[in-house]
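2 protein chains.
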Amino acid sequence: MNWGQVVSEIVLEPEYAPGLQGLEEFSHVLVLTHLHQAEWDPEKHLRRRPQERGDMPLTGIFAQRARHRPNRIGVTAVEIVEVTDGTLKVLALDAVDGTPVIDIKPYVPYYDRRDATIPEWMTRMMRDYF
Amino acid sequence: MNWGQVVSEIVLEPEYAPGLQGLEEFSHVLVLTHLHQAEWDPEKHLRRRPQERGDMPLTGIFAQRARHRPNRIGVTAVEIVEVTDGTLKVLALDAVDGTPVIDIKPYVPYYDRRDATIPEWMTRMMRDYF
Numbered sequence: 328m329n330w331g332q333v334v335s336e337i338v339l340e341p342e343y344a345p346g347l348q349g350l351e352e353f354s355h356v357l358v359l360t361h362l363h364q365a366e367w368d369p370e371k372h373l374r375r376r377p378q379e380r381g382d383m384p385l386t387g388i389f390a391q392r393a394r395h396r397p398n399r400i401g402v403t404a405v406e407i408v409e410v411t412d413g414t415l416k417v418l419a420l421d422a423v424d425g426t427p428v429i430d431i432k433p434y435v436p437y438y439d440r441r442d443a444t445i446p447e448w449m450t451r452m453m454r455d456y457f
Numbered sequence: 328m329n330w331g332q333v334v335s336e337i338v339l340e341p342e343y344a345p346g347l348q349g350l351e352e353f354s355h356v357l358v359l360t361h362l363h364q365a366e367w368d369p370e371k372h373l374r375r376r377p378q379e380r381g382d383m384p385l386t387g388i389f390a391q392r393a394r395h396r397p398n399r400i401g402v403t404a405v406e407i408v409e410v411t412d413g414t415l416k417v418l419a420l421d422a423v424d425g426t427p428v429i430d431i432k433p434y435v436p437y438y439d440r441r442d443a444t445i446p447e448w449m450t451r452m453m454r455d456y457f
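Chains as they are written, first to last, in our numbering: chain A, 328 to 457; chain B, 328 to 457.
For the record, the hints were derived by calculation from the structure and aren't laboratory data.
Please note that a few of the clues may not be correct.
Since the list gives no way to pick one copy over another, a pair counts as held whenever it fits inside one copy or between any two copies.
[To be verified] Listed below are the simulated SDA-like cross-link pairs for lysine to any residue, each with C-alpha atoms no more than 20 angstroms apart in a straight line:
| # | residue 1 | residue 2 |
| --- | --- | --- |
| 1 | Lys416 | Ile445 |
| 2 | Lys416 | Leu339 |
| 3 | Lys371 | Pro341 |
| 4 | Lys416 | Thr444 |
| 5 | Lys371 | Tyr343 |
| 6 | Lys371 | Asp430 |
| 7 | Lys416 | Gln348 |
| 8 | Lys416 | Val435 |
| 9 | Lys371 | Arg392 |
Using the sequences provided together with the hints, build the complete structure.
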């Protein structure tokens with residue numbers, strides 16, 4: 328599916344709602360999630376060929392963004408749609424419905440934006456995927 | 328101090344060392360840390376004026392990158408210096424010595440790089456700080 332158009336609603340526990348104050352002045356956030364449906368089986372996940380594709384190199388979990396990882400924490404950089412009392416709406420959050428959110432951080436280009444390069448295999452995988 | 332020149336060494340538990348395979352093909356990583364020296368006191372930290380400065384607005388923790396937050400997880404985007412057997416060297420990791428690393432993810436511009444804007448107060452704070 329096309330995640331790019333999905334608006335997700337993050338609802339805070341009431342005691343944390345005041346923590347959103349001022350977030351509407353930022354354009355983007357990092358959302359940290361607990362990947363609660365992921366598993367960790369070192370035999371299967373410590374090293375694997377991305378998407379089980381034979382034309383992909385054997386790759387360690389720390390060189391992949393796969394969700395089956397030792398500490399099941401996801402990090403997603405998303406655009407803010409709306410901040411209301413205790414609720415944050417964001418665009419294109421790559422998480423299944425009901426995923427627990429464990430932190431919200433404002434996206435700060437000085438900390439978060441990098442001119443980074445990726446391997447050829449990942450470029451190829453993303454070209455096929457998107 | 329000038330973090331920009333510091334090379335940090337992340338040493339994996341031996342059982343996770345194979346998980347680094349292929350990481351040397353990326354230029355940057357996201358390092359997730361347990362901010363083990365941070366505290367969480369809602370009275371003090373849920374909303375505060377950044378750096379306790381009177382000229383900063385009262386701001387919620389989810390609109391700040393301060394380490395005193397409900398789930399003490401740090402996310403830092405850093406350049407890879409070297410990947411060796413079970414050890415990763417990175418540049419300018421903003422973490423005190425001994426900080427536990429809980430995940431390493433390859434930095435992928437498609438997921439992580441955003442043209443984001445920040446509030447005037449943060450621009451002002453960073454100008455004074457760096």
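Results for each hint:
| no. | hint | verdict |
| --- | --- | --- |
| 1 | Lys416 <-> Ile445 | between (30 angstroms within a copy, 18 angstroms between copies) |
| 2 | Lys416 <-> Leu339 | within (11 angstroms within a copy, 37 angstroms between copies) |
| 3 | Lys371 <-> Pro341 | between (40 angstroms within a copy, 17 angstroms between copies) |
| 4 | Lys416 <-> Thr444 | between (30 angstroms within a copy, 17 angstroms between copies) |
| 5 | Lys371 <-> Tyr343 | between (38 angstroms within a copy, 13 angstroms between copies) |
| 6 | Lys371 <-> Asp430 | between (29 angstroms within a copy, 18 angstroms between copies) |
| 7 | Lys416 <-> Gln348 | within (14 angstroms within a copy, 37 angstroms between copies) |
| 8 | Lys416 <-> Val435 | within (18 angstroms within a copy, 23 angstroms between copies) |
| 9 | Lys371 <-> Arg392 | within (15 angstroms within a copy, 35 angstroms between copies) |
Of the numbered hints given earlier, the model fails none.
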